[in-house]
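Asker: Spelled out, the chains give:
There are 2 protein chains.
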Amino acid sequence: MNITIIGLGLIGGSMALDLRANGFAARLIGVDANPRHRQLAQDMELVDEVMELGPACRQADIVLLAVPVNAIVSLATAVLDNMGADTVAIEVGSTKAEIAQAIAGHPRRAQFVLAHPMAGTEYSGPKAAISNLFQHKAAIICDPGDSSPQAVRLAERLFKSLFMRVIYMESSAHDVHAAYVSHISHISSYVLALTVLEKEKVEANIFNMASGGFASTVRLAKSSPRMWNDIYEQNAQNILDVLDIYIEKIQEFRDLIARGEFDETYRLMESANAIGKILKAPQFNSTKV
Amino acid sequence: MNITIIGLGLIGGSMALDLRANGFAARLIGVDANPRHRQLAQDMELVDEVMELGPACRQADIVLLAVPVNAIVSLATAVLDNMGADTVAIEVGSTKAEIAQAIAGHPRRAQFVLAHPMAGTEYSGPKAAISNLFQHKAAIICDPGDSSPQAVRLAERLFKSLFMRVIYMESSAHDVHAAYVSHISHISSYVLALTVLEKEKVEANIFNMASGGFASTVRLAKSSPRMWNDIYEQNAQNILDVLDIYIEKIQEFRDLIARGEFDETYRLMESANAIGKILKAPQFNSTKV
Chain Y
0 MNITIIGLGL IGGSMALDLR ANGFAARLIG VDANPRHRQL AQDMELVDEV MELGPACRQA
60 DIVLLAVPVN AIVSLATAVL DNMGADTVAI EVGSTKAEIA QAIAGHPRRA QFVLAHPMAG
120 TEYSGPKAAI SNLFQHKAAI ICDPGDSSPQ AVRLAERLFK SLFMRVIYME SSAHDVHAAY
180 VSHISHISSY VLALTVLEKE KVEANIFNMA SGGFASTVRL AKSSPRMWND IYEQNAQNIL
240 DVLDIYIEKI QEFRDLIARG EFDETYRLME SANAIGKILK APQFNSTKV
Chain E
0 MNITIIGLGL IGGSMALDLR ANGFAARLIG VDANPRHRQL AQDMELVDEV MELGPACRQA
60 DIVLLAVPVN AIVSLATAVL DNMGADTVAI EVGSTKAEIA QAIAGHPRRA QFVLAHPMAG
120 TEYSGPKAAI SNLFQHKAAI ICDPGDSSPQ AVRLAERLFK SLFMRVIYME SSAHDVHAAY
180 VSHISHISSY VLALTVLEKE KVEANIFNMA SGGFASTVRL AKSSPRMWND IYEQNAQNIL
240 DVLDIYIEKI QEFRDLIARG EFDETYRLME SANAIGKILK APQFNSTKV
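Those sequence lines, one after another, are chains Y and E. Taking numbering that gives the first Met the number 0, the leading residue of the first sequence gets 0, the next gets one more, and so forth. Taking numbering that gives the first Met the number 0, the leading residue of the second sequence gets 0, the next gets one more, and so forth.
Simulated from the structure, these hints should not be mistaken for laboratory data. Treat each hint with caution, since some may be false.
Chain E side only, calculated, beta carbon under 10 Å to chain Y, not exhaustive [unchecked claim]:
#1 D80
#2 N81
#3 D85
#4 A137
#5 F162
#6 M168
#7 H173
#8 S184
#9 A192
#10 L193
#11 G211
#12 I244
#13 L278
Covered stretches of chain E (in silico footprint by chain Y; criterion: 3 or more residues with CB under 8 Å from a CB of chain Y, positions within the stretch not fixed) [what the hints assert, rightly or not]:
#14 27-35
#15 227-238
#16 264-277
Ideal Cβ placement from N, Cα and C applies to all residues, glycine included.
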């Protein structure tokens with residue numbers, strides 16, 4: 000199968016590695032606006048060749064859109080316009096509603112699949128590409144009824160070839176849930192980093208004592224600002240809803256400490272411990288993020 | 000060397016495993032207020048025998064105090080009163096100023112060492128004990144001038160036998176820094192868990208899509224409420240100072256998203272990325288927390 004990957008970063012590059020290794024892709028064509036990333040992807044042999052978007056779409060059986068979500072919105076129509084009548088486009092961004100809207104009226108809408116492979120690391124660019132990033136993770140296919148059965152089946156085959164679990168969701172539900180289980184984690188991690196870095200300006204030694212617990216909560220603060228800005232923009236309302244709840248709860252926690260109401264902080268922490276049963280699910284038994 | 004460990008949980012139990020394996024301890028005596036933990040520690044052969052605090056201190060060359068920090072404050076005097084004139088007590092709690100104050104006037108103050116091995120996991124109790132938890136991590140010795148040179152040297156030998164880096168700090172500085180690099184991480188993680196769990200009540204499926212990034216930021220929410228409550232109580236003022244900065248920054252981040260000021264969120268995330276250089280330090284090159 001000829002697979003064109005638009006966006007040769009962490010996700011696109013990691014897909015290229017696995018789809019070549021498992022034989023799903025016979026030929027990999029890369030598209031990237033960044034000349035340095037194009038060169039790197041060729042030097043690393045992530046793809047067989049790089050092309051402009053038009054010819055790359057025309058030669059593809061599958062087009063994977065793995066760019067930041069605002070770029071997916073900008074490029075989706077051009078991809079559909081350029082690709083063949085049997086080609087399937089699959090976007091793998093972290094938001095869905097605006098992307099769905101951008102292609103809603105397109106005559107080739109049925110050839111387009113909205114999907115979110117729930118895998119990643121805090122790194123970006125072609126050099127961030129790693130093998131087996133996706134295995135045992137969830138691949139969410141959104142609004143499957145708006146794609147043709149053939150297109151959905153092809154997307155399923157692709158994700159299953161990466162050992163992913165395929166689940167289905169409405170775009171709007173996806174965006175709410177993603178705000179809770181992914182977007183808020185990144186914001187709390189960025190803010191934690193900012194808080195500690197500000198202190199570190201005057202206390203050069205502070206990190207000498209930082210341990211793995213800190214590293215774990217702050218790790219996502221290394222993530223790409225470009226990618227995350229697009230997500231905030233497209234999912235602003237859901238993210239604001241979650242942030243408001245989060246801020247309310249941390250303010251409550253703060254006030255309980257200030258008032259010395261430790262029976263209450265105990266009760267809250269005991270409730271929070273329930274997250275343990277959820278983290279026992281198989282998708283968390285991996286050191287990848 | 001005879002080593003008495005008071006508190007047979009994650010830290011005490013993990014120290015028992017390594018100090019036996021590396022030959023530092025010839026005999027390990029356990030003390031724990033919880034009968035189930037006493038039994039478990041014996042069944043798991045973490046210690047050679049369990050005793051009451053008095054006789055356990057009298058027979059020890061080193062007494063390790065590895066209980067929650069309020070219990071360290073309560074027990075420190077009894078430990079000093081019961082132990083021999085050549086015995087050294089080392090407490091390994093996560094706060095320092097109140098513990099230092101509790102023993103300040105004791106005639107055997109010089110035989111007591113305040114220390115904080117910066118290692119742990121989100122688990123607790125004897126079953127949480129694991130080998131090699133401490134290696135390549137920092138062991139902070141506080142107020143070394145208030146302990147005898149012999150006592151400090153013995154504590155250093157013990158920590159170095161666990162392959163730890165020993166660093167020195169004033170108690171008050173320790174408590175400020177610990178609030179930044181450890182205590183705030185735990186609170187943000189507890190609050191993240193509470194936020195998401197509340198949503199999950201009405202959206203049973205939400206965790207189906209949670210990925211490793213979420214798992215990483217929320218992992219510390221599994222930590223022991225008892226242990227953390229004591230820390231909040233003893234380090235309340237420093238924790239409140241950090242929480243106030245954190246809340247101010249997350250509110251700012253929220254407002255920038257609400258106003259669509261994405262140049263500003265970009266700038267903040269780019270600043271936060273600087274945490275990456277810190278996380279490259281050798282103590283983070285471990286999967287343990």
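Asker: Next step is simple, just say for each hint if it's right about the structure.
Answerer: Hint-by-hint comparison with the structure:
Taking 10 Å as the C-beta cut-off, the interface hint given for D80 (chain E) is violated, the closest approach to chain Y being about 28 Å. The interface hint given for N81 (chain E) is violated, since its Cβ lies 29 Å from the closest Cβ of chain Y, which is over the 10 Å cut-off. Annotation: interface hint on D85 (chain E) violated; nearest CB of chain Y at approximately 30 Å, more than 10 Å. Annotation: interface hint on A137 (chain E) holds; nearest CB of chain Y at approximately 5 Å, less than 10 Å.
For the restraint placing F162 (chain E) at the interface with chain Y, the shortest Cβ-Cβ distance is roughly 15 Å, beyond the 10 Å limit, so the hint is violated. Interface restraint check: M168 (chain E) against chain Y, minimum CB-CB distance 8 Å, threshold 10 Å, status holds. Contact between H173 (chain E) and chain Y, as hinted, is supported at the beta carbon level, the nearest pair being about 8 Å apart and thus within 10 Å. For S184 (chain E), the shortest C-beta to C-beta distance to chain Y is roughly 4 Å, which falls under 10 Å, so the interface hint holds.
Annotation: interface hint on A192 (chain E) holds; nearest CB of chain Y at approximately 4 Å, less than 10 Å. Interface hint at L193 (chain E): satisfied, since its Cβ lies 5 Å from the closest Cβ of chain Y, which is below the 10 Å cut-off. Residue-level restraint check for G211 (chain E) holds (minimum Cβ-Cβ distance to chain Y is 4 Å; threshold 10 Å). For I244 (chain E), the interface hint holds, since its Cβ comes within 10 Å of a Cβ in chain Y; the closest pair sits about 5 Å apart.
The interface hint given for L278 (chain E) holds, since its Cβ lies 6 Å from the closest Cβ of chain Y, which is under the 10 Å cut-off. With 0 residues having a Cβ less than 8 Å from any Cβ of chain Y, the segment 27-35 of chain E misses the three-residue criterion, and the hint is violated. Evaluation of the coverage hint for the segment 227-238 of chain E: fulfilled, as 6 residues show C-beta separations to chain Y shorter than 8 Å, against a requirement of three. Look at the segment 264-277 of chain E against chain Y: 12 of its residues bring a Cβ nearer than 8 Å to a Cβ of that chain, three or more, so the hint holds.
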